[in-house]
Structure formats: structure tokens, C-alpha cells
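*Asks:* Chains as they are written, first to last, in numbering that gives the first Met the number 0: chain A, 0 to 219; chain B, 0 to 219; chain C, 0 to 219; chain D, 0 to 219; chain E, 0 to 219; chain F, 0 to 219.
Check the hints yourself; a few may be wrong.
All copies of an identical chain are treated as equivalent in the list; a pair is satisfied when it fits inside any one copy or across any two copies.
[Said to hold, decoys possible] Under the rule of at most 20 Å between Cα atoms (straight-line distance), these lysine to any residue pairs were calculated in the SDA-like manner:
| # | residue 1 | residue 2 |
| --- | --- | --- |
| 1 | LYS199 | ASP181 |
| 2 | LYS20 | VAL32 |
| 3 | LYS35 | GLN64 |
| 4 | LYS35 | ASN60 |
| 5 | LYS41 | PRO197 |
| 6 | LYS35 | GLU214 |
| 7 | LYS142 | GLU192 |
| 8 | LYS20 | ARG1 |
| 9 | LYS35 | THR61 |
| 10 | LYS199 | GLY182 |
| 11 | LYS142 | VAL3 |
| 12 | LYS35 | GLU157 |
| 13 | LYS210 | GLN94 |
| 14 | LYS142 | GLY193 |
| 15 | LYS142 | ALA128 |
FYI, nobody ran anything at the bench for these hints, they're computed from the structure.
6 protein chains.
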Amino acid sequence: MRPVTIVRDFQIGPTASLLIKMGNTHVLCAVSVEEKVPPFLKGQGTGWITAEYGMLPGSTNTRMQREASRGRSGRTYEIQRLIGRSLRMMVDLDQLGERTFRIDCDVLNADGGTRTAAITGAAMALHDAFGKLAAAGTMPMPKFTRLAAISAGIVGGEAMLDLDYSEDSGAEVDANFVLSEDGRIIEAQTTAEGAPMPRKQLDELLDLAEKGVSELLELW
Amino acid sequence: MRPVTIVRDFQIGPTASLLIKMGNTHVLCAVSVEEKVPPFLKGQGTGWITAEYGMLPGSTNTRMQREASRGRSGRTYEIQRLIGRSLRMMVDLDQLGERTFRIDCDVLNADGGTRTAAITGAAMALHDAFGKLAAAGTMPMPKFTRLAAISAGIVGGEAMLDLDYSEDSGAEVDANFVLSEDGRIIEAQTTAEGAPMPRKQLDELLDLAEKGVSELLELW
Amino acid sequence: MRPVTIVRDFQIGPTASLLIKMGNTHVLCAVSVEEKVPPFLKGQGTGWITAEYGMLPGSTNTRMQREASRGRSGRTYEIQRLIGRSLRMMVDLDQLGERTFRIDCDVLNADGGTRTAAITGAAMALHDAFGKLAAAGTMPMPKFTRLAAISAGIVGGEAMLDLDYSEDSGAEVDANFVLSEDGRIIEAQTTAEGAPMPRKQLDELLDLAEKGVSELLELW
Amino acid sequence: MRPVTIVRDFQIGPTASLLIKMGNTHVLCAVSVEEKVPPFLKGQGTGWITAEYGMLPGSTNTRMQREASRGRSGRTYEIQRLIGRSLRMMVDLDQLGERTFRIDCDVLNADGGTRTAAITGAAMALHDAFGKLAAAGTMPMPKFTRLAAISAGIVGGEAMLDLDYSEDSGAEVDANFVLSEDGRIIEAQTTAEGAPMPRKQLDELLDLAEKGVSELLELW
Amino acid sequence: MRPVTIVRDFQIGPTASLLIKMGNTHVLCAVSVEEKVPPFLKGQGTGWITAEYGMLPGSTNTRMQREASRGRSGRTYEIQRLIGRSLRMMVDLDQLGERTFRIDCDVLNADGGTRTAAITGAAMALHDAFGKLAAAGTMPMPKFTRLAAISAGIVGGEAMLDLDYSEDSGAEVDANFVLSEDGRIIEAQTTAEGAPMPRKQLDELLDLAEKGVSELLELW
Amino acid sequence: MRPVTIVRDFQIGPTASLLIKMGNTHVLCAVSVEEKVPPFLKGQGTGWITAEYGMLPGSTNTRMQREASRGRSGRTYEIQRLIGRSLRMMVDLDQLGERTFRIDCDVLNADGGTRTAAITGAAMALHDAFGKLAAAGTMPMPKFTRLAAISAGIVGGEAMLDLDYSEDSGAEVDANFVLSEDGRIIEAQTTAEGAPMPRKQLDELLDLAEKGVSELLELW
């Protein structure tokens with residue numbers, strides 16, 4: 000796994016923000032809190048957690064066109080939904096009051112594994128935000144399950160953890176795992192890019208992911 | 000698993016079309032062939048397979064607004080990408096010539112498992128289209144790997160196959176599997192909706208999926 | 000006129016649904032009911048009837064791009080407005096309560112005359128929906144005027160009824176008529192595609208349309 | 000019929016332009032010429048005629064929102080298609096060379112009958128443009144069929160010509176006719192707004208329309 | 000400065016409307032009044048003034064594509080914001096009650112200086128609208144500061160006022176000034192198009208603009 | 000003026016990138032080079048410089064909605080055009096070959112003066128990019144005019160330089176200046192927000208801006 004660094008309070012405006020660096024993949028995570036919930040939850044006394052994901056035009060080797068001009072891509076929608084779903088497993092929404100926690104994950108530099116870095120960083124930033132609101136007396140600190148995410152893959156027939164862009168480009172199988180601190184699976188996704196995978200390799204990938212996630216959880 | 004029926008040639012215009020019914024989930028799959036490939040493949044002598052997914056407004060209990068008026072949802076993008084990726088594992092794209100096979104999957108009735116029904120139906124329709132083009136001498140029949148997809152989930156702590164809408168609504172974990180005829184994993188996705196899943200339940204889900212997929216492959 | 004078949008309850012979710020087949024033109028009509036009206040009618044105690052129209056990508060010989068990606072065409076808007084206007088002549092809106100009846104007309108196979116088939120099918124499906132709501136005690140059965148629609152045209156100098164796609168492509172004049180059961184004109188539209196039409200040919204087209212509509216009304 | 004005035008050369012930039020006033024309905028018609036045709040006509044040696052329609056925000060009593068912010072309405076698409084179809088009947092497109100004539104019809108003041116005023120004005124402006132190009136030696140003067148359009152309706156049971164906004168609002172039937180100088184029907188559209196129309200009233204509307212169109216043709 | 004003409008009541012529907020002609024630049028200005036304010040001002044007892052700007056397709060030598068089809072351009076947004084900001088300096092918004100005055104500025108013919116002509120015309124039309132509402136007893140006449148706008152530029156090294164299109168195309172510097180009747184600066188914008196401008200030329204441009212604006216104010 | 004810091008190579012992919020910090024306003028500037036020019040310049044042997052501007056959702060105190068979901072605002076278009084115009088004055092485009100230099104300016108933290116910080120940073124980053132391409136032998140180093148931009152305003156009747164957000168919110172007049180190293184005016188914009196400005200205050204603002212820009216140029 001590549002070296003991981005967390006730079007807290009990178010932005011000043013949001014309730015909580017941090018920059019997570021995994022090698023040359025750098026993702027800025029910012030938590031905003033709104034005192035209302037989406038229409039489908041109104042009046043139920045429960046909260047909501049959602050996420051948005053973006054990549055700066057200069058985050059990739061070849062400039063990426065802005066989604067403000069070309070519209071959000073299918074990939075962006077897919078990642079946003081994944082981040083939001085994962086974070087909602089972290090805490091009992093009923094403990095949040097009628098509040099929406101929106102986590103913006105913006106990629107400043109992309110070198111593979113941006114979606115899993117985003118989940119890991121977003122979970123920590125969200126935890127920071129809970130802490131600040133609790134310290135300010137706005138809400139009690141909710142019980143939470145720590146979680147982290149890591150990418151893995153089959154490259155040249157071998158299971159590997161935390162692929163960078165060049166490893167990922169040649170992988171036969173791409174995988175992303177979101178695991179809770181007690182080792183349960185929140186989200187597992189494996190995708191054959193070059194060739195289908197024998198079932199026993201899924202086990203190898205999960206073994207690696209468990210190791211990676213427990214290292215990431217030490218950063219909390 | 001719910002009873003499965005295939006109605007071939009439901010539409011007249013496309014190169015191949017069929018209606019797949021899995022219980023009350025009915026998906027129309029139609030294959031169109033274009034004698035060109037997307038810009039990034041031009042001049043490489045290789046083909047392309049892609050998919051689009053839609054739901055008719057009346058396919059659900061509460062009418063679903065058309066994507067022509069509200070724009071494609073994140074869910075639609077996610078499903079389209081999943082279908083396309085899976086089908087591209089079915090055949091060596093180099094054997095297709097500079098042709099694009101586009102499979103439209105339109106849900107007429109939705110009762111859970113529409114994305115996996117779409118993949119299963121699309122794979123069969125694509126195979127039909129290959130056969131027709133080969134019979135007409137347009138291209139040689141490519142070698143292919145049969146595949147099928149099935150949904151599964153954890154409901155009330157138990158692993159279950161092929162969830163209908165009401166089972167799916169209460170599931171702790173949703174899962175979708177795309178497997179090849181030789182039992183390898185093309186795509187595995189598990190999502191905690193209610194609670195994270197112990198790793199051993201992933202094995203139970205995979206066991207069920209293998210059984211389901213082999214039944215589906217008997218329909219070819 | 001081509002043979003006509005009605006398949007009821009093709010979809011499970013909507014209040015009423017049917018598939019109308021006129022030759023190789025197949026249109027799925029589904030009625031949804033909402034317990035509210037558009038803003039301009041709010042609080043007036045009156046109901047509303049509106050329609051949406053779409054064509055599946057595989058309904059035509061050359062695949063039709065989805066309106067979810069290219070936006071609704073002018074043709075689609077024109078047809079939707081025509082269906083909605085025609086159906087609103089079928090019943091006194093004041094008898095419906097503050098309810099909106101939305102009829103989705105989706106073309107599964109297109110071989111000419113899709114808009115008139117849609118009107119004929121939508122009127123029957125709307126009648127079915129009234130019957131179901133009346134049977135359930137939700138509203139009294141409103142008085143209604145049965146109506147049907149049929150296309151016609153001048154082909155090679157001759158007036159013809161119910162043109163299929165190949166006849167329509169070579170027609171000098173295209174026409175669409177929506178008539179009530181007592182022979183009055185709800186909507187008459189004639190369009191010169193190849194050459195303007197002498198006034199007396201309008202009479203011949205109307206004669207044909209009256210005959211066609213009375214046959215269609217026998218299906219109710 | 001309301002008094003009609005034509006003000007030529009209202010705009011300076013276009014090949015031809017005029018302002019047509021029918022009572023308080025004022026429509027600006029401007030013809031632009033492009034030395035190319037739409038893709039579907041390329042290389043066939045034939046020309047094309049098309050139209051766009053718009054209403055200024057201040058053209059109505061209650062300000063109309065710009066289509067630049069809300070998108071073109073179904074009504075706008077319907078009218079644009081009607082104008083374009085009608086004008087294409089005026090001249091043999093093969094005589095125009097590979098040129099597109101685009102007529103912009105912009106309503107400055109709207110008091111009923113804007114679409115028919117637009118057709119009448121556009122036909123005259125198009126004729127002016129042909130004359131200018133012919134005078135400049137750019138193309139020979141094509142043979143043309145003069146045409147004009149007029150609205151009519153059933154108000155209080157009586158057939159009426161050229162309805163203004165207040166008459167139109169209370170009409171049982173709205174109708175629009177585009178007729179050629181030799182009395183043939185280019186486009187006939189009748190729409191029941193309040194009640195279906197007995198067939199003999201269509202004859203009365205056509206009698207009125209013929210009279211109105213022959214008066215309009217005297218303005219050429 | 001080119002000759003200026005004001006034609007009042009060019010449109011019938013709006014509260015006030017006028018056509019301002021500065022040489023061959025003709026802009027139609029129409030004021031609509033709504034009895035509500037944007038959300039951010041609700042309940043504060045204050046009014047709002049805003050503007051929209053458009054160009055008819057035939058206003059330029061080469062036809063300009065409609066913003067209804069291509070979307071509003073950056074230039075349009077920039078001009079709309081400039082007009083709105085300038086007009087809001089004309090009157091104390093607190094004196095308007097909870098009303099929105101929206102001024103539509105539509106260019107019928109464009110020959111340079113359309114944005115400054117729009118501001119000058121819009122200010123006069125807005126004043127007319129205040130007068131009409133005051134005469135009708137709807138609101139008291141607010142105190143206002145008369146203002147006007149004029150373009151200027153550096154052409155061939157010389158400061159010039161009120162550039163037409165051909166002068167503007169070759170200018171080294173473009174400038175727009177909005178001045179109040181007491182000579183204060185509401186908006187000053189200078190843009191180097193060909194070469195940066197020595198500071199003393201800004202003074203020359205301002206001298207010219209003061210002269211131009213005082214002539215324009217005599218038209219009130 | 001607030002303290003200014005430049006952090007070079009903040010992003011890895013672009014040809015050149017830097018982070019400019021003016022107090023709590025932080026803007027990331029990244030230069031991408033494309034070996035082609037916009038259509039209107041094709042084949043003329045000249046280059047092009049353009050800019051895009053964005054704000055991260057967490058850059059402000061109240062979260063800013065993404066332009067990917069709400070569309071680019073008028074303010075964004077206005078700023079992008081200003082940055083692009085200013086940079087095109089920095090160098091003779093003919094010396095760049097048929098290349099487009101696109102500078103992305105993304106605001107990470109916003110505390111007033113983001114557009115002027117963006118211009119200052121973008122000019123330096125563009126200079127860096129020229130240097131790298133020249134060092135690599137891709138193109139000769141073009142001659143350039145150094146430039147910088149600074150905001151100013153009238154607050155409580157006094158001219159002030161480099162306003163932060165809270166000063167800017169209460170300013171009577173907002174101003175932005177882009178000046179070249181030899182003191183000429185590239186762009187001057189003053190906007191009355193609270194009250195029009197006597198002409199002599201424009202001189203005071205320019206005096207301040209000259210001082211500010213010469214300090215900024217020392218950073219090159």
C-alpha cells in the first residue's frame with residue numbers, strides 16, 4: 000500500500016475538511032451540514048448522508064473536461080452513489096436529527112484509487128464533523144462504525160493491493176472494497192476488465208483488502 | 000428462482016430482439032449493429048459492445064417519470080455501464096470487425112432484478128445477432144463465452160436468490176453476480192443496505208448465484 | 000384497414016394498460032392517476048388529462064436514438080399535444096375531481112400510423128381506468144364520448160386509409176383524423192408532403208376516416 | 000379580416016426581411032441564406048427551406064419567459080415545423096441549388112393568429128429573397144406557387160375568420176389553413192377546444208379561409 | 000455620437016416599452032412588473048430590478064443562432080448582469096415595495112454599442128413604468144437618478160465616442176461607461192483588445208463619455 | 000495588501016501548475032496545452048489562450064452548489080472571459096504556433112478577490128508553461144509582457160486595496176484592475192454596488208492598483 004497522509008482543515012468554510020493523500024492520489028473531502036433533509040425523509044426525525052464527487056481538470060495527465068460543460072458522466076454518478084451508500088452504513092441515521100451531511104470529494108491529483116481514497120477520507124471528515132457539532136452542543140455524538148475503503152486487482156495473474164494508474168490500466172480484474180472496523184463487508188465490487196476471475200482469487204483479494212483497511216483505520 | 004421465459008423476435012426492426020420474463024420482471028432486449036466504432040477504437044480493426052437501459056413509465060407501481068424529461072439518473076448510468084462491461088467479456092472484440100453492437104434493454108414490468116435479467120437477456124440476444132450475421136455471411140461466428148446474471152441478497156439473515164421487489168425492499172444486503180459458463184466471476188457486487196455482511200455470507204451468496212446461473216444457461 | 004388487436008393488462012403497475020396492434024404498429028398505452036392537478040387548475044374542482052409519447056429505440060428499422068440522450072424532438076411534442084387535446088374532448092373534466100390522468104403511449108413497433116393508434120388505444124385505456132376507479136368507489140363513472148383516430152393519405156392520386164410505413168413514405172398528402180362516435184370532428188390535420196390537395200379530396204379522406212373510425216369503435 | 004400591412008426591410012442584416020401586421024399581431028420575418036444543406040441532403044443538388052419561430056417576452060399581456068432559459072416549448076416546435084413544411088410546398092427545392100433558406104419569424108406583438116401571419120409573411124419574405132438573389136445573378140428565379148395562411152374558428156356556433164386573442168380564447172374550434180393561389184390545400188388543421196365540430200362546419204371554415212387567402216395574396 | 004431616436008409604446012402588452020435607435024443599432028426595451036421579489040429578498044419590504052438581453056437572429060449581418068437552441072452565451076450573461084446592476088443604482092429599491100421590475104432588452108438591429116443603448120433605453124422605459132404605476136395609484140413615484148450609458152474606444156490611437164460595428168472591430172481598446180446625471184461613475188469598463196492603454200487615455204475616454212451621456216439625458 | 004504566496008507544481012499532470020494564496024483566498028492555476036486551435040483560427044498559424052474558472056463547493060462559508068448540477072452561472076462566464084482576454088494581452092499569439100493554452104483556475108478557498116488572484120496566478124503559470132515548452136525545444140520562448148491583477152474598492156468613502164470578503168460585502172464600489180508591467184491598463188472595471196463614485200476616486204483606485212500590481216510583479 001502506498002504511504003497515506005491526512006492534512007486536516009485544508010478548507011476554511013466547511014464544517015470539517017481534510018486532504019487525503021495515498022501516493023500521488025490526492026482527494027479533498029469537505030463536509031457541509033444543512034438543517035433539513037431530502038423530501039422523502041421530511042418529518043421522520045431522521046438524518047441523511049450524501050456525497051458528491053468531482054475531478055479537477057488538471058488532476059489527470061490529459062486534461063479532463065469540466066462536468067460543468069459536458070454534464071456529469073456515468074462514472075461520476077456511480078462513484079457518488081457508492082460513497083453515499085458506504086457512509087450511510089457508518090452511523091444510525093436516526094441519531095443525526097433532521098440534518099443532511101453532504102461530503103464533497105474533489106480529486107486534485109489522480110493516480111488510481113480515487114474512489115476508495117474518497118471514501119476513506121470522507122469517513123474521517125464526517126467523523127470530524129460529528130465531533131465538532133457534538134463539541135458545540137448542536138447534537139450528541141452519534142455512535143459510529145469506523146470504515147475504510149481500498150482498491151485491489153489482479154495484475155499479471157497476481158492479487159495486488161492499492162493499484163496506481165499504470166498498474167490499474169493493465170489489470171485483468173479491478174476491485175473495490177469498503178470494510179467496517181469489525182471486518183464485515185459494506186461494499187464489494189469486482190469487475191473483470193481483461194478476463195473473468197476464478198472464485199478463489201476473490202478470496203485473495205479480500206485477504207489483501209482486510210489488511211489494507213486495518214492499516215487505514217490506524218490513521219483515525 | 001422465479002420461472003423464466005424467453006419470447007424471441009418481439010420487435011421487428013432490430014437485428015435480434017427478445018423479451019425475457021423472470022417472474023413479473025419483463026425486459027425487452029434489442030440488438031442493433033452499426034458498421035462503425037467509437038472514435039477511440041477507429042482504425043484498430045476491433046469491434047465494440049455497449050448497452051442502454053431504460054424503464055417504461057408504467058413499469059413500476061408508482062409511475063416513473065421519463066428520462067427524456069428529467070435526464071438519465073445515476074442509477075441508469077450505473078446499470079448501463081454494468082451491462083456493457085459484462086457483455087464485452089463474452090467475446091473477443093477483435094473478432095467482430097469494426098462494428099458496434101448496441102443492446103437496448105427496456106423494462107416493461109419491474110419486479111426486482113431488472114439489471115440482472117437485462118444482462119441475461121442481452122447476452123442471449125447478442126448471441127442471436129452474431130448467429131444471424133454469420134448466417135448472412137456478414138461476419139464469421141465469433142467464439143463466445145456464455146454468461147448469465149442473477150441477483151441475490153440477505154433477507155432476515157438468510158441468503159436468498161432472485162429477489163422480487165418486496166423481498167429486495169427489506170433486504171440487509173443486495174448483490175448482483177455475472178458469471179461465465181465455466182463458473183468464473185465477471186462481475187460481483189454486494190451492497191449493504193441494512194447492515195454490513197460477515198465475509199462467510201458472501202460465500203453463501205456466491206453458491207446460490209452459481210446454481211442460478213447454471214439454470215439460466217440451460218435456456219440458451 | 001389493417002387488422003386490429005387489443006391486449007389488455009400488458010403492464011401490471013398502472014391503473015389500466017393495453018397493447019394496441021394495428022398491423023405491425025404496436026403501441027403500449029398505460030394510464031396513471033395522480034390525486035392532484037397542474038398548478039393552473041388548482042382549487043377549481045376540475046380534473047386534467049394529459050399524454051406522453053415515446054418510441055423504443057428498437058421500434059424502427061434503423062435504431063432510433065433515445066430522447067433521454069438527445070432530448071425530446073419537435074415531432075414528439077407535437078404528438079403528445081395532439082393525444083392530450085383529443086382525449087380531453089372525451090369527457091367533461093369537471094366530472095373527474097381534482098385528478099390528473101396521464102396516459103403513456105410507447106411505441107414497441109412502428110409501421111406507420113403510430114400517433115393515431117396511440118389515440119385509439121389511449122382512449123380505450125382511459126375508459127378502462129374510469130371503469131376501475133368507479134368500480135372501486137373512488138369516483139363516479141363519468142359520461143364519455145367514445146372516439147377513435149385513424150390516418151389516411153393521398154397515394155398516387157388515390158385516397159387511402161391506414162397507411163403503413165412504405166405507403167406513407169410515398170404519399171402526396173398525409174392526414175390524421177380524430178372523430179367522435181357521433182361522427183363529429185375532434186381533430187383534422189392534412190399535410191401536403193408532395194403536392195397540395197384539391198378541396199374535394201379532403202372530402203374523400205373524411206369519408207374513409209368515418210368508415211375506419213366506426214370499425215375501430217366496435218372494439219370498445 | 001383585420002387590416003394587413005407589410006413593412007419591408009425592417010432589419011438590415013438578412014437577405015430579406017419584412018414586418019407583417021394583422022391588426023395587433025405583428026411578426027418580423029427575416030430570410031437568411033446559407034450555401035449548404037442539412038446532412039441528409041448533401042450532394043443531391045437540391046436546396047432546403049426551414050423556419051424558426053419565437054415570441055419576444057413583451058409580445059404578450061403577461062410576460063412570456065424566454066425560451067433561452069426554459070427551453071423551446073412543444074408549441075414552438077409545432078409551429079416551426081408547420082411553417083417550414085408549408086414553405087417547402089411553395090417552390091421546387093431542386094431549383095434552389097445546395098442552399099438553405101432559413102426564415103426567422105419573431106412575434107413582436109401577439110393578438111391571435113401569430114402562426115398564420117408568420118406563414119403569410121415568411122412566404123412573401125422568401126419571395127423577396129429569391130428576387131434579390133436572382134437580381135444579383137446568384138441563382139435563377141425559381142418558379143413558385145404563391146400561398147398564404149389564415150386562422151379561423153367556430154365562436155358561439157358561428158364560423159369566423161382571423162380570430163384575435165379574445166375571440167380565440169372563447170372559440171369552440173380553432174383552425175388554421177394554408178392555401179395555394181390556385182385554391183388547393185397545403186395544410187388544414189382543425190382542433191376542437193370546446194366541442195367537436197359537425198362535418199359541414201369544416202366546409203364553412205374552408206369557404207372563409209379561401210376568401211381570406213385570396214385577399215392576402217393581393218398584397219404580393 | 001450617432002443620431003438617437005426614441006419610439007415609445009412599440010409593444011402593447013408590457014407596462015412600458017420603447018424602441019431606442021442609435022444610428023443603425025435598434026434595441027427594444029420592455030418593462031414587466033411582478034408583484035413579488037426573488038427568494039433572497041422575501042419579506043424585507045424591498046423591490047428588485049433585473050434585466051434580460053437578447054439578439055434577434057436577423058439583427059446581425061451573419062445570422063445569429065438562437066439562444067433557445069444553443070443556450071445563453073457568456074456575453075449575454077455578462078450584459079444582462081451589467082444592465083441590471085446599473086439600473087439598480089437608479090432608484091432606492093426600498094421605495095418600490097415588494098415588486099420586481101424586469102426589463103427585456105431585445106436587439107432588432109445591431110451596429111455596435113448594443114449594451115449601452117440597452118441601458119439608456121431601459122432606464123427611460125423603467126422611468127416610464129414608474130410614472131404609469133404612480134399615475135394609477137399602485138405605488139408612489141420613487142425618487143430616481145437619471146442615468147445613461149455610452150460606448151467609447153481607442154481607434155488608431157485616438158479616443159472616439161459611440162463606435163459603430165466597423166469602428167469597434169478595429170479598436171485597440173473598447174470601453175463602456177454608465178454615468179449618473181450628476182456625473183458620477185456607475186460602471187466603467189475598459190478592455191484592451193489590441194494593446195494596453197496608457198492611463199491618460201482613460202481620462203480622454205471619460206471626457207468623451209461625460210459629453211455623450213449629457214446629450215443622451217436631454218432625451219428624457 | 001494581504002500576504003501572497005506561490006506554491007509551484009501543486010498538480011502533477013498539467014504542463015505547469017501553481018497555487019496562489021492571497022490571504023485566505025487560494026486559487027489553483029493549471030496550464031494545459033493542446034496542439035490545435037479553435038475553428039475560427041484554423042490554418043492561420045496563430046495560437047490561442049483561454050481560461051476556465053470554478054469554485055470548489057467547500058470554498059465558501061455556505062456550500063456552493065456544483066456547476067455540474069446547476070450549470071455555469073453568469074458570474075462564472077464573466078470571470079472566464081475576463082481572465083482569457085487579459086492573458087491574451089500578455090503575448091503575441093502569432094509566436095505560439097497553432098497551440099491552445101488553457102488555464103484552469105479553481106478556487107479552493109474564497110475570501111474576496113478570487114478573479115484577480117486567478118489572473119495573477121494564471122499569468123505566472125502560463126509563463127512557467129512557456130518556459131517548459133521552450134526548454135523542451137517544443138517552441139521558442141515568446142516575448143511577453145508581465146501583468147498582474149488586483150481588486151480595490153471604496154469602503155466607507157475610502158479607497159482600499161485587495162478587499163477580503165467582509166470588506167467587499169460592505170463596499171460602495173467594487174473595482175478590478177489588470178495592469179501591465181509598464182503601467183498600462185489592460186482591463187479596468189468599476190462597479191457601483193452602493194453608490195455611484197465621483198470621478199476623482201477612480202484616480203485614487205488606480206493609484207492603489209498600480210502600487211499593488213508592482214508588488215505582485217516582484218513575485219515573478
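*Asks:* If a hint holds in the structure, say so; if it does not, say that too.
*Replies:* Now for the hints, and whether the structure bears them out:
1. Only between protomers do LYS199 and ASP181 lie at most 20 Å apart by alpha-carbon distance; the minimum there is 14 Å, versus 22 Å within a single protomer.
2. Taking the shortest alpha-carbon separations for LYS20 and VAL32, neither the intra-copy value of 24 Å nor the inter-copy value of 26 Å comes in at or below 20 Å.
3. Proximity of LYS35 and GLN64 under a CA criterion of 20 Å is satisfied inter-copy only: 16 Å between copies versus 33 Å inside one chain copy.
4. Taking the shortest alpha-carbon separations for LYS35 and ASN60, only the inter-copy value of 17 Å comes in at or below 20 Å, while the best intra-copy value is 39 Å.
5. In this assembly of identical chains, the alpha carbons of LYS41 and PRO197 never lie at most 20 Å apart, being 46 Å within a copy and 33 Å across copies at closest.
6. With identical chains, the CA atoms of LYS35 and GLU214 are never at most 20 Å apart, being 35 Å at best within one copy and 46 Å at best between copies.
7. In this assembly of identical chains, LYS142 and GLU192 lie within 20 Å of each other by CA distance solely across copies; the values are 18 Å between and 39 Å within a copy.
8. Taking identical chains as interchangeable, the C-alpha atoms of LYS20 and ARG1 lie at most 20 Å apart only when both belong to the same chain, with a minimum of 9 Å there against 29 Å between chains.
9. With identical chains, the CA atoms of LYS35 and THR61 are at most 20 Å apart between copies only, with a shortest distance of 14 Å across copies and 39 Å within one.
10. Both within a single protomer and between protomers do LYS199 and GLY182 lie at most 20 Å apart by alpha-carbon distance, with minima of 19 Å and 11 Å respectively.
11. Proximity of LYS142 and VAL3 under a CA criterion of 20 Å is satisfied in neither setting, with 26 Å inside one chain copy and 43 Å between copies.
12. When the C-alpha separation of LYS35 and GLU157 is checked against a cutoff of 20 Å, the pair qualifies neither within a copy, at 47 Å, nor between copies, at 36 Å.
13. Neither within a single protomer nor between protomers do LYS210 and GLN94 lie at most 20 Å apart by alpha-carbon distance, with minima of 30 Å and 41 Å respectively.
14. Taking identical chains as interchangeable, the C-alpha atoms of LYS142 and GLY193 lie at most 20 Å apart only when they sit on different chains, with a minimum of 16 Å there against 42 Å within one chain.
15. Taking the shortest alpha-carbon separations for LYS142 and ALA128, only the intra-copy value of 13 Å comes in at or below 20 Å, while the best inter-copy value is 50 Å.
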